[in-house]
Amino acid sequence: MTQSIVVQVGQCGNQVGCRFWDLALREHAHVNKKGIYDEALSSFFRNVDTRRSDGEGCDIAGGKIRSLKARAVLVDMEEGVVNEILQGPLGDVFDSTQLITDVSGSGNNWATGHRVYGSAYRERIVERVRRAAEHCDCLQCFFLIHSMGGGTGSGLGSRVLTLLEDEFPEVCRMVTAVYPSAEDDVITSPYNSVLAMHELTEHADCVLPVENQSLVDIVNKIRHMAHSGKPGCVIRKDSTLISGQGGVTGPAKPFDAMNNIVANLLLNLTSSARFEGSLNMDLNEITMNLVPFPRLHYLVSSLTPLYTLADVNIPTRRLDQMFTDAFSKEHQLIRADPKHSLYLACALMVRGNVQVSDLRRNIERLKPSLHFVSWNQEGWKTGLCSVPPVGHLHSLLALANNTCVKPTFIELRERFMKLYRKKAHLHHYLHVEGMEQGCFSEALSSLSSLIEEYSQLDATKNLLLPDASRLSIAT
Amino acid sequence: MSVVTVQLGQCGNQIGQELFNVISNDSNDAQTCSPRAQGKAYHACSRERFFNEEASGDPSARAVLIDMEPKVITQTIAMAAKSGRWKYREQSFFCQKQGSGNNWANGFRVHGPRHQEAMGDLVRREVEHCDRLAGILTMMSVAGGTGSGVGTYVTQCLRDDYPHTFILNQLTWPYCTGEVIVQNYNSVLTLSHLYQCSDAILVHENDAVHRICAQLMNIKHISFSDVNKVIAHQLGSVLQPAHTAHTQSQYSRNPMGELMSSLVCHPEYKLLSLCTIPQMASSSLPYSAFSWPGLLKHLRQMLICSARMEEGIDWQVRAPSVGQGAAETRGMQELGFNTSLANLLILRGKDVSSADTGGFLDPALYCPWLPAEGAISTWRSSLPFNKYEKSATLVSNSQSLLKPLDHMVGKAWNMFASRAYIHQYTKFGISEEDFLDCFTCLEQVISSYKHL
Ligand SMILES: Nc1nc2c(ncn2[C@@H]2O[C@H](COP(=O)(O)OP(=O)(O)OP(=O)(O)O)[C@@H](O)[C@H]2O)c(=O)[nH]1
Ligand SMILES: Nc1nc2c(ncn2[C@@H]2O[C@H](COP(=O)(O)OP(=O)(O)O)[C@@H](O)[C@H]2O)c(=O)[nH]1
Ligand SMILES: [Mg+2]
Ligand SMILES: [Mg+2]
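Going line by line, the protein sequences match chains C and D. Here the first sequence stands for residues 1 to 475, where the numbers follow the UniProt record's numbering. Here the second sequence stands for residues 1 to 452, where the numbers follow the UniProt record's numbering.
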């Protein structure tokens, strides 16, 4: 079995990461009742004998769970969030050698995070990551979690990305990036996001964009349903995707419900790599199947079930509903409508008691209502993992490489232009050493050409392209 | 004589395990058949062919398990042990920690060469346990990265290491609406390479087997295990002991050799398809009776119209009458007639000697440039197979795989025209020119079968 390392950067990155570790522990505790340190656990956790107190303890290969340590590196240029995590119930999962903090923060300035802290902390970050990597016998993937709108996550986070590329070129880099909503409290978030996107487009293997506005909408809708008390949509406490119940963390904080959704995205994304199934989907299969061209690696994700929370023995119709929902606007983690845009490729990662025949039936059923690019009419990738999420019989994570990401990017560009035309706040960035206006125009043109690439594909949507004429053989 | 099986990737390992299950159960059943002597001989022959007798405990499969990730192998070995009838030999597996990620190039260019020696040693050890080696059977899917990429590499190495041994590749073709998006690329790369080094390629299409599960076996929630049981049943019915034309009084000692000589008379044609009749839910078996003339009549029509199961056969399709010109034949083919190069009929069960196979001798079924006498072979065994009182399997070297092959190549070519996903392959040293060579090779195969 392979291992993965999570690098969480900035406030958002650390808060989301923290929810991930909490729910991952809950999931493993649920599956692994005997308390044995198994292969599944080893993918994200070390089992450590802490009595050897040379700081980070020594790894124990199998046997009883002693002390689980997350394969994580926590980076923030403020102390608050990380300290809170350490003092909370999850504190034991990390030790001091996994942390990198500073006191003053990046002031929501990408340039400060990327240039100033990026240079000052480069060596230290590499050293911490390398140490985490040495604890793995087969390191497969880095999961980088950060927001796009702030300074540390966006700036230093995207710097970490290039640093991972330099130091570990063989290891896959997956970025979970939280995009700001239009009413974001960070005024400079469009600058930060566009500057960070330039890096993500060039250096990530794939990016899972998540929009705060979508998370808010989902959370509100769930709350609404929970209070409406309609029969048939009883929300079970232990099964809600947004509730962290049963985890180790105490009372919920403002972003927790939203962050739980992102944490569930990561859990479902990695479930097939952690648990067995009749059709495994390893992490390296994600980019192989979903990224036809290197730059077009933004994958729109949707999670189901989100709203209706089933009890036991779901009839087929409910199972089919789960598949239908995965393609609806309400279930996407960015504000997008994949059904009316063009698919380059689509993955369905199913967990629980679901068989190939269920997959086949639903693909056949849904296919006619979806547009796929002409050269990938059968662009489906499927995975079956037999272990369902806690409290559910089954779940589905759909990953779409779809031109529906384009509006998000266009909107971001407009918000960027609104500031940039007036050169608002620009001087805060240009003060930073090594930061020139050229960085802005390059990032802008990178984003524009990305939008253009999606547009060109989109334009083929309703065209009937002829098959490429085949090689002819002399007979 | 014995067969060494190499199971590769998730698919190959899962199907391999089911195959040994069928073989083990079937030959155990045979022991209680009458006449006793015949059942005992069948059992002994099957055992020698597929299992090592272990000094202590259950027999062990003559198999090597290969995957680049451990999960499936661990599970496969455990399932076998749980059967309580047979097991895999300890240390007969090779696995790594990380799969090939559905990338043929990764399997073929990285994992294959890197572990060539270790995998070769495992096969050699199994071969050394055989008194005489009848051949090597490799099992894999063509869609993933390990079965297809490493499987192709291993087959090439086996060809070098055992130049005079028969190598049969059992391939599982993916569902059309894929489970792997790059499956057509991986398939094209696999098939074109195997065509150079394998003796015969025996194909199961997941779509066809899935339909059998749905329509004949009446399974509502079809799992991979259900699909695999059907594949294993069909394979077992070919591979279990039988009397051939050369071995009237005893079971054939050279099953692989006779299979090849019956079916693969020309290196340009080595794609074999399979169909079996009857197939049904085991609960209905006791209530069903079959006659040989009925079974063979259906099977013949399945061949003619290239159907994989008897449900919904098109009875309109006819063979051209003998002596008609090529244009006539072409016309019939357009109406769905499937021209054969060679067929092998395997009949098992009660009153098998009374079964009249004359319908398969009809020269109209075969391409005109081969003598019809050599085109059909029949193997028989009077024992019931896998609880079926009577069963008939047809292994066919015919145009029946032409259409799916043509689709596969067509879809891969369309994708290639936009160069989608190519960067994933060049990363591991498979260039655009390599792709072009593979396309050329398969277009040649398609053209050859088309012009039968
Ligand atoms: N019939 C059948 N097909 C299977 C089974 N498992 C996988 N497949 C098919 O095999 C293809 C995927 O290949 P796998 O065997 O899973 O891949 P692999 O060889 O392990 O290679 P990587 O995982 O990519 O390294 C798909 O077409 C599946 O439909 C199985 O148990 N039975
Ligand atoms: N979903 C989510 N978004 C967050 C969270 N914390 C901050 N954000 C968003 O992240 C952006 C600000 O970045 P932040 O992570 O606070 O800055 P940093 O610490 O400098 O990286 C804004 O768009 C916030 O809405 C969180 O816990 N969850
Ligand atoms: Mg902040
Ligand atoms: Mg595999």
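Hints are computed from structural coordinates only; laboratory data are not their basis. Keep in mind that this is a model prediction, so the values were computed, not measured. Honestly, I wouldn't trust all of these hints.
Stated by the list, open to error - DSS-like cross-link-like pairs, simulated, lysine-lysine; straight-line CA separation at most 27 Å:
| no. | chain 1 | residue 1 | chain 2 | residue 2 |
| --- | --- | --- | --- | --- |
| 1 | C | Lys34 | C | Lys64 |
| 2 | D | Lys403 | C | Lys367 |
| 3 | D | Lys403 | C | Lys33 |
Stated by the list, open to error - Listed next, with one range per pair, are the computed distances between beta-carbon atoms:
| no. | chain 1 | residue 1 | chain 2 | residue 2 | range |
| --- | --- | --- | --- | --- | --- |
| 4 | C | Thr324 | D | Ala245 | 53 to 61 Å |
| 5 | C | Ser469 | D | Ala281 | 44 to 52 Å |
| 6 | C | Arg130 | D | Ala118 | 45 to 53 Å |
| 7 | C | Lys253 | D | Ala281 | 54 to 62 Å |
| 8 | D | Arg419 | C | Glu411 | 43 to 51 Å |
| 9 | C | Met417 | D | Arg419 | 46 to 54 Å |
| 10 | C | Leu426 | D | Arg419 | 34 to 42 Å |
| 11 | D | Gln324 | C | Leu471 | 47 to 55 Å |
| 12 | D | Asp437 | C | Glu436 | 42 to 50 Å |
No residue lacks a Cβ here, since even glycine has one placed at the ideal position from N, Cα and C.
Here's how the hints hold up against the structure:
{"no.": "1", "hint": "C/Lys34 x C/Lys64", "verdict": "8 Å, holds"}
{"no.": "2", "hint": "D/Lys403 x C/Lys367", "verdict": "22 Å, holds"}
{"no.": "3", "hint": "D/Lys403 x C/Lys33", "verdict": "51 Å, violated"}
{"no.": "4", "hint": "C/Thr324 x D/Ala245: 53 to 61 Å", "verdict": "57 Å, holds"}
{"no.": "5", "hint": "C/Ser469 x D/Ala281: 44 to 52 Å", "verdict": "46 Å, holds"}
{"no.": "6", "hint": "C/Arg130 x D/Ala118: 45 to 53 Å", "verdict": "29 Å, violated"}
{"no.": "7", "hint": "C/Lys253 x D/Ala281: 54 to 62 Å", "verdict": "55 Å, holds"}
{"no.": "8", "hint": "D/Arg419 x C/Glu411: 43 to 51 Å", "verdict": "30 Å, violated"}
{"no.": "9", "hint": "C/Met417 x D/Arg419: 46 to 54 Å", "verdict": "33 Å, violated"}
{"no.": "10", "hint": "C/Leu426 x D/Arg419: 34 to 42 Å", "verdict": "39 Å, holds"}
{"no.": "11", "hint": "D/Gln324 x C/Leu471: 47 to 55 Å", "verdict": "32 Å, violated"}
{"no.": "12", "hint": "D/Asp437 x C/Glu436: 42 to 50 Å", "verdict": "48 Å, holds"}
Checked against the numbered hints listed earlier, the structure breaks hints 3, 6, 8, 9 and 11; every other hint is satisfied.
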